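Asker: As given, the protein sequences belong to chains A and B, one line each in that order.
For the first sequence, the positions run 1 to 119 when our numbering is used.
For the second sequence, the positions run 120 to 267 when our numbering is used.
Note that these hints are calculated values from the structure, not bench results.
You may find that some hints are simply not true.
If the Cβ cut is set under 8 Å, some of the chain B residues that face chain A in the computed set are [claimed, not checked]:
1) H148
2) P155
3) T159
4) F194
Predicted model, so just to flag it, every value in this text is computed and none were measured.
In this text, a Cβ means the ideal position worked out from N, Cα and C, and glycines have one as well.
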Amino acid sequence: MSTAPADELSVTFAALADPTRRAILTRLSTGEATVGQLAAPFALTQQAISKHIKVLEHAGLISRSRVAQARPCRLEPAQFEYVADWIGRHQRTWHERYDRLDEHLAGLREAGPDGTEEE
Amino acid sequence: MSLPGEFTYRRTHQASRELLFDCMTRPEHLAHFWGPDGTTTPLDGITVELRPGGRFETAMVNVADGSQYTMHAVFLAVERPSKLVWREADVEGGMITTITFTDLEDGQTEVVTHQSNVPPGFASAEGRSGFETSLRRFDDYIVALTGS
Numbered sequence: 001m002s003t004a005p006a007d008e009l010s011v012t013f014a015a016l017a018d019p020t021r022r023a024i025l026t027r028l029s030t031g032e033a034t035v036g037q038l039a040a041p042f043a044l045t046q047q048a049i050s051k052h053i054k055v056l057e058h059a060g061l062i063s064r065s066r067v068a069q070a071r072p073c074r075l076e077p078a079q080f081e082y083v084a085d086w087i088g089r090h091q092r093t094w095h096e097r098y099d100r101l102d103e104h105l106a107g108l109r110e111a112g113p114d115g116t117e118e119e
Numbered sequence: 120m121s122l123p124g125e126f127t128y129r130r131t132h133q134a135s136r137e138l139l140f141d142c143m144t145r146p147e148h149l150a151h152f153w154g155p156d157g158t159t160t161p162l163d164g165i166t167v168e169l170r171p172g173g174r175f176e177t178a179m180v181n182v183a184d185g186s187q188y189t190m191h192a193v194f195l196a197v198e199r200p201s202k203l204v205w206r207e208a209d210v211e212g213g214m215i216t217t218i219t220f221t222d223l224e225d226g227q228t229e230v231v232t233h234q235s236n237v238p239p240g241f242a243s244a245e246g247r248s249g250f251e252t253s254l255r256r257f258d259d260y261i262v263a264l265t266g267s
């Protein structure tokens, strides 16, 4: 997962940039659903919903069953973990860095009011 | 919060904007805190050419095995004490880091770090402002979905 190219991340984030698609994902987080079921709450044609679903599928965020005729959609947790991992990795870096900066600042305060420190 | 390879990190520090800006831009400060846990960032491995177009390079040495990783960045904006922007061309398609320093007027400063690797064409095609708005709560959303 962590070896996925940056391009893949862009596709995934682009898929997530649309509120309708995020609503579809939220619905799928409660369980599988067919295209018809997913379209029901929206003032959109089933064709429009199908387009959104194709984008989500292409981004790897959902998959469609090859078995049942209605081809229900479901979330692909691995792709979400990949995105969450990207954010988490960068946040962790800065969190740790600013923790160490705070320690450094505390050291400067102890060193004296002029903020200088002996090397 | 975040987006297409984009996120914002906020911290409040007990220091003036000037001191925090200097901490982020002077090698003698950076050597104390820059590298990830488990690394050191020796003074002689830090290059700071503090002007737009100037180099910002930090060589981080892994304490355990001595291996080294160097960040290669170029400053895009240097506005002491309020703003600092640099770009790493070789990270994830071009990573831009923007740090803003806001005086909270009680001896504290809020430091907001924003990182983005959104390709410019991609962002404009989507409509930059709407795009950012629609993804503003993305972190929370991902956390809710993954339950992590």
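Asker: State the violated hints by number, sorted upward, taking the hints as numbered earlier in the document.
Answerer: 3, 4
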